[in-house]
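**Q** Order-wise, the sequence lines are chains A and B. Here the first sequence stands for residues 1 to 270, where the numbers follow our numbering. Here the second sequence stands for residues 1 to 96, where the numbers follow our numbering.
Be aware that one or more of the hints could be misleading.
Unchecked claim - 35 Å max Cα-Cα, derived DSBU-like pairs, lysine-lysine:
#, chain 1, residue 1, chain 2, residue 2
1, A, 260, B, 52
2, A, 11, A, 29
3, A, 11, B, 12
Claimed, not checked - Cβ-to-Cβ under 8 Å is the rule here; a few derived chain A residues that face chain B:
#, residue
4, 147
5, 150
6, 154
7, 191
8, 192
9, 200
10, 202
11, 205
12, 213
13, 216
The hints are simulated quantities; they were obtained by calculation from the structure and are not laboratory data. Glycine included, each C-beta is placed from N, C-alpha and C at the ideal position.
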Amino acid sequence: MTEIIVVTSGKGGVGKTTTSASLSVGLAKRGKKVAVIDFDVGLRNLDLIMGCERRVVYDFVNVIQGECTLKQALIKDKRIETLYVLAASQTRDKDALNKEGVERVLNELTEDGFDYVLCDSPAGIEKGAALAMYFADRAIVVVNPEVSSVRDSDRILGLLSSKTRRAELGNGPVEQHLLLTRYNPDRVAGGDMMGVNDVKEILGIEVIGVIPESPGVLTASNAGVPVILDEESAAGQAYADAVARLSGETRPMRFIDAQKKGFLARIFGS
Amino acid sequence: MGLFDFLRSRQKNTASVAKERLRIIVAQERAQSGRPDYLPLLRRELLEVIRKYVNIDPDAIEIHVQRDGDQEVLELSVALPDKQDGETPTATASES
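Isolated chain A, as found in the complex (with noise of 0.2 Å):
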């Protein structure tokens, strides 16, 4: 059984691309055969993030097209025996993309024995976000503690439960859960910092992890290596927390609690 998740957001810079490209190697390393998709026709970026950019011969837009099979665009992951990733086109537009030929790629992933396929969705809540969303099972709904991100966020969360296969046929509703990025525990102690619970509390759905603001997802960007991979970044940690609530395990919130400063920094700040 397939499962198909989306990562989607609305605002733009939130933290899609890394959410989608830490989880996907989170779930492959757990053993898992799993593809990750670029949606974002026109503006790739996954392949820079999983560090694959140089690889990309065919993309998804070739594969809806016709012009090549899905085999030949599927890039293996270096890394991870089970993962592979599929690029988007950085030539065209959006309208390349059709449901149809969306569903044609997500059924053949179906029968190639995938467990997951994490759609990267683009930000917005056009045809790239529509279609992104369209045949998901689950949604992770990155959100920023911030009003803007919260805003879109409640929008994307209102389209999932009307303009997904699963809202169209009856199927019942998309699983949703919240991730929080660009977590910092210290502005919310300090009152400046929307917390995890009201964000929770305003969005009204669960949230599957948090991530804190870490200079870690810069570097991995830097590198090419999904920041889940660098197991000494608090981020790192975060993703893989998130990765095994994704896959039914409980685990604590970590990196929610501003840390405890010596008295000097106390007295005169940090």
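Got chain A sorted already, so can you dock chain B onto it with the hints?
**A** For chain B alone, coordinates are given in the frame of chain A:
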């Protein structure tokens, strides 16, 4: 938060301001998104039809969709203009 920051007269808690603003706007947008999107057009066309017979104000038509369990009620309310004797009759039609 160091002593110097503390002395720099603390602003009020901006996170709780954000939360309150979001709570209101999200509730409002959720209420709107449940409405069928043909309502504004329906309202305009009704206005045109009624205006063939009675000269009513553009704001005189109110349309509401109410959910009552699994039943939806479309309620139209048209306020007719004042008659010369000062009466204000209101026609209300409900359909489920």
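**Q** Decide, hint by hint, whether the structure agrees.
**A** Hint by hint, here is what the structure shows:
no. : hint         : in the structure
1   : A:260 - B:52 : 74 Å, violated
2   : A:11 - A:29  : 29 Å, holds
3   : A:11 - B:12  : 27 Å, holds
4   : 147          : 5 Å, holds
5   : 150          : 5 Å, holds
6   : 154          : 5 Å, holds
7   : 191          : 4 Å, holds
8   : 192          : 5 Å, holds
9   : 200          : 11 Å, violated
10  : 202          : 5 Å, holds
11  : 205          : 12 Å, violated
12  : 213          : 15 Å, violated
13  : 216          : 25 Å, violated
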